[in-house]
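Trainee: So the sequence lines, in the order shown, correspond to chains Z and Y. Residues in the first sequence are numbered consecutively from 4, following our numbering. Residues in the second sequence are numbered consecutively from 581, following our numbering.
Any given hint could be a false lead.
Pairs of lysine-lysine residues, derived as DSBU-like cross-links and limited to a Cα-Cα distance of at most 35 Å, are as follows [said to hold, decoys possible]:
1. Y:Lys-680 <-> Y:Lys-666
2. Z:Lys-451 <-> Y:Lys-666
3. Y:Lys-680 <-> Z:Lys-385
4. Y:Lys-680 <-> Z:Lys-451
5. Z:Lys-385 <-> Y:Lys-660
6. Z:Lys-385 <-> Y:Lys-666
7. Y:Lys-660 <-> Z:Lys-425
8. Z:Lys-385 <-> Z:Lys-451
Simulated coverage check for chain Y against chain Z, where a stretch passes if three residues somewhere in it have a Cβ under 8 Å from a Cβ of chain Z [what the hints assert, rightly or not]:
9. 622–634
10. 667–679
For the record, the hints were derived by calculation from the structure and aren't laboratory data. All residues carry an ideal CB built from backbone N, CA and C; glycine is no exception.
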Amino acid sequence: MTPELGQLALILALLLALAQSVLPLLGAWRGNRALMAVARPAAAGQAVFVALAFAILAWSFLHFDFSVRYVADNSNLELPWYYRIAAVWGAHEGSLLLWILILNVWTVALAIFGRNLPEAFAARVLAVLGLVSVGFLSFTIFTSDPFARLLPMPMNGADLNPVLQDPGMTFHPPMLYMGYVGFSVAFAFSIAALLGGSMEQAWVRQARPWTNAAWGFLTCGIVAGSWWAYAELGWGGWWFWDPVENASFMPWLVGAALIHAQAITEKRGSLRAWTILLSIFAFSLSLLGTFLVRSGVLTSVHAFASDPRRGLYILCFLAVVVGGSLLLYALRAPKVVGGKPFAVVSRETALLVGNLMLAVAAAMVLLGTLFPLLGDALHLGKVSVGPPYFGLLFPLLMTPVVLLLPLGPWLRWGKGDGGLLKGVLARCAVAALACAVVAAFFVHGEPKAILGVAAAVWVGAGVLLYVIKRWREMPRGRRYPAEMAGMLLAHLGVAVFLVGVLLSESLSVTRDVRMAPGDTQTIAGYRFRFDGIKQTVGPNWHAEQATVTVSRDGRPYGTMHPQKRTYPHDRVQTESAVDAGLTRDLYVALGEPMDAGNLQGAWALRLYYKPFVRWIWGGGLFMMLGGFVCACDRRFRGKRVAAAEGTDEAVPLPREARA
Amino acid sequence: MSRARLRALLAALLLACAAGAAAQAIDPLPFRDHAQELRFQHLTQQLRCLVCQNETLADSNADLARDMRHEVFRLMQQGKSDDEIKQYLVDRYSDFVLYKPPLQPNTWLLWFGPLLILAAGAVVVAVNVRRRARAGASGGDAADGPAPDNNTEDDW
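All chains, please: the whole structure from these sequences, using the hints.
Mentor: This is how it looks when you write it as structure tokens:
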């Protein structure tokens, strides 16, 4: 009976979502305040019913209700409770429900914090979010019902894919969805602005913290996914340019561009049309990402045919959202060139170039991801597009961005100071060169590693010089407003990231070895001794666990325990052992016994030495933090939206008034 | 082999691959020296496992991938160059095996597409920047007056 309540809750939520979208739109159009006022309570009610449905699905998992097909397919009696909760979003139907729940969380947050938006504008924003919700709820109810029953009820369920039974994978989807869905706020702002015909700077200021927060969450989700792939897949790689990864990377790139475009529009009034277009693209790519991963179209275009209803719905929904909003854009986008003029050397120009490169990079990733599908569908021949393609083009496209990055904070709006910029560039270049020369001795002349050090110092020096300048010249309390601090953190993150990528890629050592108990192997000065295999058990798996003793210069260094786990239904999953460090990771993965009959004999092992690999995620975390810090700036929260309209930026903040 | 049979075979191999997908390919081979091992690692990372969803030959644990790895190793021992080995695999398995598609008419869009987008975007940006710069110059620099002070928080 309970699962049916969940279904009922979803249907009620759909009806409320309809009310939330249709009535306020009508109200905003006719100037009817009563209809506009429907938006907030409808959004709140919808959120309650969606949360109820989500809770009921989680309850069914916790109580092993295998009469629910989704529960039976994705859990069993041995699965620990925390992974039964995670199993709620472990497959298609439940992850859609999670998506809807998060959309409702964002909507309610907007309904609460967006109180100082103009009435009609707020009504339109909430209505657009309601429309998105209608699309997802009806997709769930009509094609992907998580509460569908399974008769006769099985005694035990299948299993959650063992690949997903890992903490990284538990947090990865919710964070990713927080990011995807977060872009729906910027999207709703843009659509509401197009509908209302007003392109005030005020709404951009209100949209900015939401975009920054969404981008921060997306960064967090991508970092978690990358870390999981590194630790769990046993390949020691952190990014594979897999379509599933690309699906999350495209909105990230466009989101990064959007953050900067919004800054221009809010501060200077220019580029309004471009900001609106980017919001539409960021959200469209988020939708595409969700569906690409969940529709199975990536496995093969023919997966679409196996369940034509889902595929057809997705295509239609995407066509309506993308086509509809682009049509609206074409009809209503601001035609006049507004905003303040700027010189060739100015912050606007630099940000525009950065925007261009990020947008082209996103387009390149999209093309590379969809090209095999296109080729297959149009019978152009089967081709594969993988890491060598992306790995060649992406760094080329990002080079101008990295070159411009140290200048970011030094450039002025409107017109930059050429002499000052030359000075900064000279200092950055000297620092980068000096560090590159020093690094060359440590990395044995490996060009990619030297380049990594130089690029990171180039970016980092520009940022740090600016930090020092502010520290010297500004009074306490006014040195680093949150918006600026977030920018500095995120840009510093790029420097950290560059160190991680280029050093770990060029200096890593990988060896596949055959080791019998007592055998040793030495890589990069670390001596690995294989001490044999013993059996071990976990809550729902049993495993062969190796003991590998590591020493360096004759001194013991530590013990590592890579495992080869067997989950129910004979699904095998390797669990690598990672000895993490700031300057290097040691990583051991256990393969197969060389002689299948003799577990105590020789085994195949993979040993890695990965210098600075942790800096990759470190850089990502800095960027995430930058997004969040920026979103906290008081300037975005003030009630001065109406007062500080237009050019007057010099209204003091309460904090400074005190200082 | 007929198309249908080929497809059935691929499907069977795909299943075999999916079953072992979570375990990685650890395949100690008797390399002549470290340089050869590096060359092998580099080469197999550019080749695709034909029956997996999206895995390189280096990473895949499928039986077919293992056989192909050993084939690559054998060719390497015979002194074949990387290009010769790739050509050998392409002749047997089509371009699908290459993760870096060759430049040919059916991949022009893939290789030149980003370039075209970049060129078009660059023109748009350049035109816009010029127009803005002119607007600023002809407007008698009304906007800047005294050069904006970058130190104030509000202009930042």
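Trainee: For which of the previously enumerated hints does the structure constitute a violation, in increasing order of number?
Mentor: Of the numbered hints, just 7 does not hold.
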